[in-house]
Amino acid sequence: MLFVSIKSLMILDSIEKSKQITILIFILAVVGLIAIYFAVINIKPMELNIASIENSMVDRLVKINGTIGNIRKSKTNNFYWTVSDGSNITVPILDNKFKKLSVKQGDSVGIIGLVTLYNGELEVMPKEIYVE
Amino acid sequence: MWSDSILDILFFIIIGVALGFAAGFIPGFSSENLSLLIVTYGIISTNYYLVVTVIAVEISYSFFSFLSPMIFSIGNDATSLAIDNAYSGLTEDSLKRGMEIVASGGLVGILISLPLLFFAEDIYPLVYNALRPLVGWILLFLCAYMVWIERDWKRKIFATTIFCLSGLLGLFVKGSGLVPSEYLLVPIFIGLYGFSSLVSNRYRESSPLQDIALVRKVRVAAVAFIASVFASFVTGMKRGQTSALALRMGGISKREEVLFILSAISLSFATLSILVLSSVGKVRSTLAYDIQEIMGDIYFSQTALFVGTVAISACISVCTLILLAKPIGRTFSKIDGKYLKVFGFCIGALLIVSFTGFYGIILAFTATCLGTLSSRLRVRSTHLMGVLLLPSIVAMIL
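Chains D and Z supply the protein sequences, listed in that same order. Per the working numbering, numbering through the first sequence is continuous, rising by one, with the last residue being 1454. Per the working numbering, numbering through the second sequence is continuous, rising by one, with the last residue being 1118.
Rather than coming from a laboratory, the hints here were simulated on the basis of the structure. Bear in mind the structure is a predicted one, so any value in this text is a computation, not a measurement. Heads up, a few of these hints could be off.
As the list claims (entries may be wrong) - A short, non-exhaustive set of chain Z residues, derived as facing chain D with CB atoms under 7 Å:
#, residue
1, L898
2, P900
3, F1085
4, L1093
Where is the CB? At the ideal position from N, CA and C, for every residue including glycine.
Build out the structure end to end from the sequences listed, making use of the hints.
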């Protein structure tokens, strides 16, 4: 009887410990997510002229200002803006929230986005767009 | 001249198969990591040979990736379901039988996908464009369904939590510039499916695997075919979800059949992703991504060459699996898996630090916690794919 009681207590204890470990892992996962969130929002974009964007800046967050020189629509319903401040760069508009923006050729825009390389050409993939 | 290039292609296919075979043994390592290394460091300078090697790596890895879960109970997004459902810690004979089932399943997966080569150019763009506006909702429905089929309410809540937390991770880091985008999935996947398996030891004794009757094989192959074709139209749906859905819809629960269908779907998924890339121009797998990165625009005429590479790689991989089934079974039933787990951990850590630096460590740590949590709460590891699915759903619906 005593043996069974001790055994049951030991099982209960191990279940309790197992629960505590699971809760601890859950907390660690949430803490990790919060740390990642703050790391992401604290990445400050570099304000640059388009001409100074080069291949070594791929995946860097940058801010550019310029005017929309050309708007091209693809077969798959994506838009490609050519933004110019003297030099040109392509800004692919793939995100639905940016597709809803009403912009036209000649509008001044500020764009915060990641520098990407597509088919050997540098582009700025927008995260935020300000129409001025 | 022609025979020279065929010999060269064969040479690179064999190299790719050998690399895929080696990667299959390393717990926590994946073909994506390997292909990334090959592509990044420009080990092979000719684009076409590079593509051939990458395809061979992916196809052979799709076969050999079942070695790690079979021997060490450590899987990736597709094979971790095998640990949940099929087997782990097998004996020498079962290990041999398991490898034979994987070989036949994989071969069937490729065979059922090949006939689509003749229709893909006409049918795929048509169906793909028709489904495009609905894909976000289809994905959302599938994710909800995967949660719904968890056993009880407690697990449904746990599964939703895991899916949402993984999804938040994906939403935070996607396009954030925190780590280079081409390496973003390295720490996340190593954490979710590699390190978490190393931490939570899911090793358990299992009974020997049996042969599958021919009628059952045909039925399972049909289910694999329907699931793979469906998945190839739905952007964002990965091998793990496809397999979990096929198991549920096809009422497949026998361990041997689970192993067979996982292998069939894995190979079918890889083959169909090449067809989708060439017919619609859409990337549906890491293999397709690599091909597009290397070759740029793909023309449908090139598909036959790529699919040929798939077929040859599969044949070599199957022969290797069957030939080595017995010695591998004998050797690994004796070795203490602890040492290889440590080795797998070191490889993973090295990849994370060298490609993604400090932030990669935080990503891997969080992903490991999420992977371990899903294992401890006993919910399907496919919910972890929220990391890719939730950002896709948000982008498609909103």
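Exercise. Which hints from the list above does the structure break, by number from lowest to highest?
Worked result: Failing hints: none at all.
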